[in-house]
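Chain by chain, the residues:
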Amino acid sequence: MNSLTRLLAATALTLALGSAASAKTLVYCSEASPEGFDPALYTAGTTFDASSRTVYNRLVEFKHGSTETEPGLAESWEISEDGTEYTFKLRPDVKFQTTDFFTPTRTLNADDVIYSFERQLKSDNPWNQYVAGASWEYASGMGFPDLIKSIEKVDDLTVKFTLNRPEAPFLADLAMDFASIMSKEYADQLKEAGNEATLNQQPLGTGPFQFVAYQPDAVIRYKANPDYFKGKQPIDDLIFAITTDASVRAQKLKANECQIFPYPNAADVESLKSDPNLEVPSQEGLNVAYMAYNTTQAPFDKVEVRKALNMAINKQAIIDAVFQGAAVPAKNPIPPTMWSYNDTVQDDPYDPEKSKQMLKDAGVENLSMKIWAMPVSRPYMLNARRAAELMQADLQKVGVSAEIVSYEWGEYLEKSKAKDRDGAAMLGWTGDNGDPDNFLDTLLGCEAVGGNNRAQWCDEEFDALVKKAKVTSDQAERTKLYEQAQVVFKEKAPWLTIDHSTVFMPMQKSVKNFHQDPLGYHRFDDVDIAE
Amino acid sequence: MQRFLISRIAVLIPTFIGVSIIAFAFIRLLPGDPVQMLAGERVVSPERHAAIMQQLGFDRPLVIQYLSYLWGLLQGDFGTSIVTKRGVLSEFFTLFPATLELSFCAILIAVFLGVPAGVFAAVKRGSWFDQSVMGAALVGYSMPIFWWGLLLIILFSGVLQWTPVSGRISLLYYFPQATGFMLIDSLMSDQKGAFLSALSHLILPSIVLATIPLAVIARQTRSAMLEVLGEDYVRTAKAKGLSRGRVVGVHALRNALIPVVTTIGLQVGVLMAGAILTESIFSWPGIGKWMVDSVFRRDYPVVQGGLLLIAMIIMFVNLVVDILYGVINPRVRAG
Chain A
182 MNSLTRLLAA TALTLALGSA ASAKTLVYCS EASPEGFDPA LYTAGTTFDA SSRTVYNRLV
242 EFKHGSTETE PGLAESWEIS EDGTEYTFKL RPDVKFQTTD FFTPTRTLNA DDVIYSFERQ
302 LKSDNPWNQY VAGASWEYAS GMGFPDLIKS IEKVDDLTVK FTLNRPEAPF LADLAMDFAS
362 IMSKEYADQL KEAGNEATLN QQPLGTGPFQ FVAYQPDAVI RYKANPDYFK GKQPIDDLIF
422 AITTDASVRA QKLKANECQI FPYPNAADVE SLKSDPNLEV PSQEGLNVAY MAYNTTQAPF
482 DKVEVRKALN MAINKQAIID AVFQGAAVPA KNPIPPTMWS YNDTVQDDPY DPEKSKQMLK
542 DAGVENLSMK IWAMPVSRPY MLNARRAAEL MQADLQKVGV SAEIVSYEWG EYLEKSKAKD
602 RDGAAMLGWT GDNGDPDNFL DTLLGCEAVG GNNRAQWCDE EFDALVKKAK VTSDQAERTK
662 LYEQAQVVFK EKAPWLTIDH STVFMPMQKS VKNFHQDPLG YHRFDDVDIA E
Chain B
14 MQRFLISRIA VLIPTFIGVS IIAFAFIRLL PGDPVQMLAG ERVVSPERHA AIMQQLGFDR
74 PLVIQYLSYL WGLLQGDFGT SIVTKRGVLS EFFTLFPATL ELSFCAILIA VFLGVPAGVF
134 AAVKRGSWFD QSVMGAALVG YSMPIFWWGL LLIILFSGVL QWTPVSGRIS LLYYFPQATG
194 FMLIDSLMSD QKGAFLSALS HLILPSIVLA TIPLAVIARQ TRSAMLEVLG EDYVRTAKAK
254 GLSRGRVVGV HALRNALIPV VTTIGLQVGV LMAGAILTES IFSWPGIGKW MVDSVFRRDY
314 PVVQGGLLLI AMIIMFVNLV VDILYGVINP RVRAG
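Sequence lines, in order, name chains A and B.
Number 712 marks the last residue of the first sequence (our numbering); no jumps.
Number 348 marks the last residue of the second sequence (our numbering); no jumps.
Simulated from the structure, these hints should not be mistaken for laboratory data.
Positions of the beta carbon are idealized from the N, C-alpha and C atoms, including for glycine.
Treat the hints loosely; a few may be bogus.
Simulated restraints on C-beta separations [stated by the list, open to error]:
#1 A:LYS578 / B:GLU60: 42 to 48 Å
#2 B:GLY70 / A:ALA657: 47 to 53 Å
#3 B:LEU43 / A:LYS551: 19 to 25 Å
#4 A:SER455 / B:ASP203: 38 to 44 Å
#5 A:SER455 / B:LEU173: 36 to 42 Å
#6 B:LEU121 / A:ARG566: 38 to 44 Å
#7 A:ASP528 / B:GLY171: 39 to 45 Å
#8 B:GLN144 / A:GLN497: 37 to 43 Å
#9 B:LEU173 / A:ASN309: 42 to 48 Å
#10 B:ASP90 / A:GLU642: 40 to 46 Å
#11 B:GLN68 / A:LYS578: 50 to 56 Å
#12 B:GLY70 / A:LYS551: 36 to 42 Å
#13 A:PRO415 / B:ASP203: 28 to 34 Å
Can you build the whole structure from these sequences, using the hints too?
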């Protein structure tokens, strides 16, 4: 920017600020800097909050506060009998945002949809490597390059996706961040100017808020999109004040320097709750922490042994010590906020005496094992080392001596995958798309052995159930299959299911209409602030 | 003087190459790689992993990677961040003014409080003033920055509400960053109250960052002064009947300053280390926080480029200190 444009920009901003003196502003103390603003390139929730959930929309959206889907940019769709053709009817007259860096000349059409996906799927697409090393992590992770055969424009407002096989979670996948719809017109303009990388720095979409400016590591500014197809938002300005330290975020909220923030320290929650100006709603997170036995290695190949070990461990004590109560014990591999959660499943009770007896009956004596503890704090397990120590003490009581091992995080993830891994590895998962398949098949399916399936557990009965559910489009039918799968899981006990953590969202009482999302997003559409 | 300068600058070249090798090797010695870090719990297949590493150029032999890195450096190309996809040099210069502004304020506080405190403590050796300055210095030196920062926030921002909690300026103010130095930009912005807001945001982080250098400088000044005050020429000056102020201020202080200037120069490295923690607590968008994030993400180009740039700054400051030495002490110049 030369000095003249700077001066002009400054003048314009000053004027804008002056006229917007009465504007409603919401400040959100976010926990980290976004990696960039093209959601398809990244996997972090922080990045999604700052890009896909503010600036963009998708064909299908998650209902606010739920893992169920609803129409987004597509107002309706049809699925062929065999479940391989999805035809989406786009909402007419959806305007892209008008900003100081782009003015659209047309409304949303099928070209935008095709562009948004093909750049991720086809390595010969000119946008596939618009930034070096673009790996399109989620599109690949969800298997899209193999799954999608073609995407065709039927007419301006109709797009047809043809799949190579039926896949029931496909609609939920389309509600994920990487499936955000970009403006092809904006992309073309950037390409013409040779500024492709700007797509990742100045996002432009159809969403409720439009991007104004980003000061790296400090502040992101948005304003309400006046042309939003669901109507203008109640607040005028949305500001993300990047504040990495959780205690400092709490202090900023108390001083009303921000009105809402995520991820408080467990230790701060009580003091925040006692502040008369604040409220601290909570929700169970869409996550699970588990310890995976290596079910291919003796003696963990015996169901009785795994069950006995599960009964030796006092989960509530772990939750009290590590989460200060801010978690619930897990009995199923999927969290209670997810559809098809089977609440009739009975957890293995904490019963050291019975555990000892069962081990004895199974012919296991003087067992010594390894417990793998992650070196990092994760939302589902704040302190794995501490949890492992408690488990070690519990196991000691039933005559099992446990050794705690840990590696640097990258190495830990790699080594814990090994099929001949020694001992039980602690790990966890946070849901991507709210579909049970994303937990059950991803983490426990036969194909994931040697990868995400750290129990190396391939059970025919379980696998048949989740594979059938994957290709069934009727949700009631799928629910039944997943409920059965959870029963099988509990009987065979490949994991010790540890906990689902509780997510707190402290805010000023003046913040209205904020819904916590089980998927972990922080969305500000429909949120209002009392003056 | 010229020979002195040339010899000092010549030393910088092998240092630069050495630092570039260390910076390059250091991040690669850590287990894990950027692709794995990006994927987290999600498993990346070995084929895809290899393909992405190839796209990023990390599949080549290390020596080739280093040489191509060095070649880039010679042309002023510090590489591109794997994560943000922005140029390392441009990210550095976006964030560095914030660190510089904070470090500058911190070193000002440290020098303008530390040197006089040390001098008075030496002159009044054994007095209650001496005892309390040295006691406070010891406490300051041993204080964990993280805890100290939070303590100040809770007291001054939480309880007393005198200062803002964190950030560089109130979010009400919004103007383009012409220089990156908030104090200067806010003055140039013509927005009422912006400068005061920026200044009030600087107070706590500067104090926190200044604490350790302040303690070190005060202690160093005191011991250097004590040594000089016992010298024969000081006794002679006193015997000549010079005023106490002149003896201390001119004869003693000038000579005592030599080790103190060295210490101040060395504090620049300490400031950079302290800035990492201080910036994290006060959400200060500088290079300390940027480096830490990049190490966790295994963002090789940023870590190696950032380390090199920081090392270059420290080398430059040390060069300036060496030159200052020459000015203060003619004997160094000749040697």
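(request) Note whether the CB distance of ASP528 (chain A) and GLY171 (chain B) lies within 39 to 45 Å or breaks it. (result) Given a distance of about 42 Å, which is inside 39 to 45 Å, the answer is holds.
(request) Could you see if the CB distance from GLN68 (chain B) to LYS578 (chain A) stays within 50 to 56 Å? (result) Taking Cβ atoms as reference, GLN68 (chain B) and LYS578 (chain A) lie about 52 Å apart, which means the hint holds.
(message) Please check whether LEU173 (chain B) and ASN309 (chain A) have a Cβ separation lying inside 42 to 48 Å.
(response) Violated: the Cβ-Cβ distance is about 56 Å, outside 42 to 48 Å.
(message) Does the beta carbon distance between ASP90 (chain B) and GLU642 (chain A) stay inside 40 to 46 Å, or does it fall outside?
(response) Between ASP90 (chain B) and GLU642 (chain A), where Cβ atoms are some 58 Å apart, the hint is violated.
(message) Quick check on a hinted range of 36 to 42 Å for GLY70 (chain B) and LYS551 (chain A), using CB atoms only.
(response) 37 Å, holds
(message) Quick check: does the Cβ-Cβ distance between SER455 (chain A) and LEU173 (chain B) fall within 36 to 42 Å?
(response) 20 Å, violated
(message) The hint says 37 to 43 Å between GLN144 (chain B) and GLN497 (chain A); measuring C-beta to C-beta, is that right?
(response) With Cβ atoms ~53 Å apart, the hint is violated.
(request) Confirm or reject the claim that SER455 (chain A) and ASP203 (chain B) have a C-beta distance inside 38 to 44 Å. (result) 43 Å, holds
(request) Could you check the hint for me, namely that LYS578 (chain A) and GLU60 (chain B) are 42 to 48 Å apart, CB to CB? (result) Given a distance of about 46 Å, which is inside 42 to 48 Å, the answer is holds.
(request) Starting from the hint 47 to 53 Å, judge whether the C-beta atoms of GLY70 (chain B) and ALA657 (chain A) obey it. (result) 51 Å, holds
(request) Evaluate the given range 38 to 44 Å for the C-beta pair formed by LEU121 (chain B) and ARG566 (chain A). (result) 42 Å, holds
(message) Against the range 19 to 25 Å, how does the distance between the Cβ atoms of LEU43 (chain B) and LYS551 (chain A) compare: consistent or not?
(response) Holds, at about 24 Å.
Checked against the numbered hints above, the structure violates hints 5, 8, 9, 10; every other hint is satisfied.
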